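Novice: Here is how the chains run, residue by residue.
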Amino acid sequence: MFQYILSRLLYTFPIAIGVSLIVFALVHLAPGDPLSAVMGEVDQTMIAEMRASFGYDKPLPLQYMTWLGSVASGELGYSLRSGQAVLEILLSAAANTIALGVLASLLGFSVGIAAGMFAGYRNGTWLDKVVSASAIAGVSMPHYWLAIVLVIVFSVEWGLLPAVGAGSASSMFSWESFQHMILPTIALSAIPCAIVARTTRACVMEILSMEFVEALRARGLSESRITLHVTRNALPTVLAVMGLQFANLLGGSILVETVFAWPGTGSVLNQAIFDRDIPVLQGTILLLAMFFVVTNLVIDILQTWADPRVSRH
Amino acid sequence: MVSHRWKHPLVLALCMALAAPGAALAQSKPLRVGMTLSDIPTTSGQPNGGFEGYRMTGYTLYDALINWKLDDAKVSPTLMPGLATEWKVDEKDQTKWVFKLRKGVKFHDGSEFNADAVVWNFDKLFTKEAPQFDANQRAQVAGRILSIKGWRKVDDYTVELTTKTPDSTFPYQVSYVLYSSPAQWEKLGRDWKRFAAQPSGTGPFKLEKLVPRERAELVRNPAYWDPKRMAKSERLVLLPIPEATTRASALLSGQVDFIEAPPPDFVPRLKSSKMQITANVYPHFWPYFMSFREGSPWRDIRVRKAVNLAIDRAGVIKIIGGYAEPAKGIVDPGHIWFGKPSFDIKYDPNAAKKLLAEAGYGPGKPLALKVMVAPSGSGQMLPKPMNEFIQQNLKAVGINLELITVDWETVRNCRRAGAGSPVCQGAHGINNSSGTVDPFSAFSRVYHTGSIPPNGFNFMHYSDPKADELMDRAGRTFDDAKRDALLAELHAYLVDQAVDVWVVHDVGPRAMSSKVKGFVQVKHWFQDLAPVYVEN
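For the record, the sequence lines run as chains L and Z. Residue numbers for the first sequence follow the working numbering, so the first one is 1 and each next one is one higher. Residue numbers for the second sequence follow the working numbering, so the first one is 1 and each next one is one higher.
Isolated chain L (complex conformation) (with noise of 0.2 angstroms):
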């Protein structure tokens, strides 16, 4: 187990590079001239001159390798637009757009797995019917048109629950953060609630068919055991999807941050587009691109740990 950890954890080194890599290439092949988006309008000499100060007057594989060095290092450089660090920025939004998604994937993952766990049992009927009828329509339902409906519903019809930013309080776990989260939790986990429900119910309904359920019930097991015996066998596959969700989550929602102004990466992502603003940019990909592979490496080690004949040798 420990020699697989390290292979795995081996493996994220050069996946690393390939993202930042791309992640480079990218930001620099996107058209537009960061400075003179940032420095409005100004003459030539003096953008120039800025071109120079932030480096991006020296042939790109240079810049590159700049960056990646400063990256090694834990520095992310400053933001062109507000001159605050980049390091700063993505805390800060990294830690709003994490609380969201870790509530996000509680209300969504304990919702879907409940629901599929009945619609598996219930195969065929109405219960069954309605859990993948709401499941097809969470997943085809765009969460942000979801998103502005619950607006209109709960807070501006309602009066209910704040429809806008991350509100006032100091701390992240008082209750008047926690009110501004709700809806954002709500849009957040609709598709991730509906993707795990078709995943668990379809992994059930597999497993109740397979004939080593037949036998246990035949050795007379309790309902209760057969069903942890079925959970362990769907655990795997289901786990597999929650932790893509979940670094889905992770890596926030440009369009429902935007609907609810939530003060997260896919704000700060979206923002960093329109301003070209380059450090913030890279920075936030490479930021959401290891959050991707170190969900994935935490979700193999727990797919191992849960069925060791998930075996990635």
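Be careful, since some hints might not be right.
Claimed, not checked - Facing chain L, according to a computed beta carbon distance under 10 angstroms, are these residues of chain Z, among others:
(1) A135
(2) G189
(3) E234
(4) V237
(5) T245
(6) G254
(7) R293
(8) E294
(9) I404
(10) E409
(11) P454
It should be emphasised that the hints constitute simulated quantities derived from the structure, not laboratory data. Remember, predicted model here, so these are calculated numbers, not experimental data. Glycine is no exception: its CB is placed at the ideal position from the N, C-alpha and C atoms.
For chain L, the structure is supplied; the task is to place chain Z on it using the hints.
Specialist: Just chain Z now, kept in the frame of chain L:
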């Protein structure tokens, strides 16, 4: 007995105090503003975020030597004394300007504003060797005060600023430079990042709390030097809400009291919820700037006039919920620089067809134009439906308008690079709204031969000796009335030449709760938030 109590001197005094104009100072409810920006504009002196930045963290926390008079919705705002009480150009050497500074003005940290502070702030922006030099602040303002050459202290309350050449528009340029406290910067370890969190200016508000990308909380500066502009709200909260529908929802749900730029399709809903909607024309125009380079069909004045006459501006305005004014030139007809053009810009498709026929275009040889547009952008209103509507208008008179849709920064880069440059992808023109706050931004930077890229923003490569001469003369005319007359003559000439395609002027709609009082929407990009408050 009751009547006796009412006559008690103390009660009477209280009643009088409440009825007095300054009573609103007692307002304790915060004024929460939903901005269109996605972040709080920088707070260390020169704000980023364009003119919205100036409105929110510029003229609230800081002052300029010369401020804008922003209290009358009916007239175009003019300049007025700010941290300088008077200024004049040297009669013998018109590159020298002497500014007399206001005495007794204190920064928020209690230190004194004086000539040393002015010199220190100019060094902050333009002297690279100065310890307080801040490239980020310089980037925000350098393009707005292009004439500045030198600065020096004459005495504690007098400074002399010099310009590169005689320039009568210099006072407008001075209005963009805001003054940060040298003492506060020293106190915070000479660190602009720390200063941004605890800034000190001379403005009617002080910054109390800043959470980047989330909120800024400003509180009234009770020691503000101008009693007439004392903040009426105890607390001003700025919230970045870039998505228009979200801003409107925040207003409807009572999370904010005041929003900038509500989406036009939301306005009826806001009105039905008893929200106030304000609008007023301001120095903005939404045009197509077209290429005058060799080979461009735009060099033919008949084509230029035809396109201007082919556009149904009332139809365009309908698309944006009525929140615009039809453009009849660079500035609106009520502006002092409008003049008396003979070419009346209106919707007359028959006249357009006739002019096109005279220019040699017709069914067998339709005129083809390419314009670069962006789906969104600062001051662009609702560009997609507006451009598509214009495309239909032009088609009706036999002009094939091709819209090259790119992102906003590509349009901006094309404008900076000028017509014919590779970034413009073969477009004859660009759709890029423009501000006309001062004579330089309205005329010289856009229409002067000297502003052809890379020297300026004359994207069109428009070069006309008569227009240049009028702009140069206006720049050398130090009598305001005479200069305005020259600018009116210039404007009339440019309209008669049909230099651009002028479509509409924005009216900058804003929406606010019925409890918001004191807001006067003036004809300007800048608006004063000091007199605005939420009624208890």
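Novice: Compare the structure with each hint and give your call.
Specialist: These are the hints, each one checked on the structure:
1. Interface restraint check for A135 of chain Z: the shortest CB-CB distance to chain L comes to about 7 angstroms, inside 10 angstroms, so the restraint holds.
2. Taking 10 angstroms as the C-beta contact cut-off toward chain L, the hint placing G189 of chain Z at the interface is violated, the least distance being around 16 angstroms.
3. For E234 of chain Z, the interface hint is violated, since its Cβ never comes within 10 angstroms of a Cβ in chain L; the closest pair sits about 16 angstroms apart.
4. Taking 10 angstroms as the C-beta cut-off, the interface hint given for V237 of chain Z holds, the closest approach to chain L being about 8 angstroms.
5. The beta carbon of T245 of chain Z is positioned within 10 angstroms of a beta carbon in chain L (closest approach about 7 angstroms), and the interface hint is therefore held.
6. With a least beta-carbon distance of about 7 angstroms to chain L, the hint placing G254 of chain Z at the interface is held under the 10 angstroms criterion.
7. The criterion of a C-beta within 10 angstroms of any C-beta in chain L is not met by R293 of chain Z, whose closest approach is roughly 19 angstroms, and the hint is violated.
8. A cut of 10 angstroms between beta carbons decides the hint on E294 of chain Z: the least distance to chain L is about 23 angstroms, and the hint is violated.
9. With 10 angstroms as the threshold, the beta carbon of I404 of chain Z stays out of range of chain L, its nearest partner Cβ sitting at about 13 angstroms, so the hint is violated.
10. Nearest Cβ of chain L to the Cβ of E409 of chain Z: about 4 angstroms, under the 10 angstroms cut. The hint holds.
11. Among the interface hints, the one on P454 of chain Z holds; its C-beta lies about 4 angstroms from the nearest C-beta in chain L, closer than the 10 angstroms criterion.
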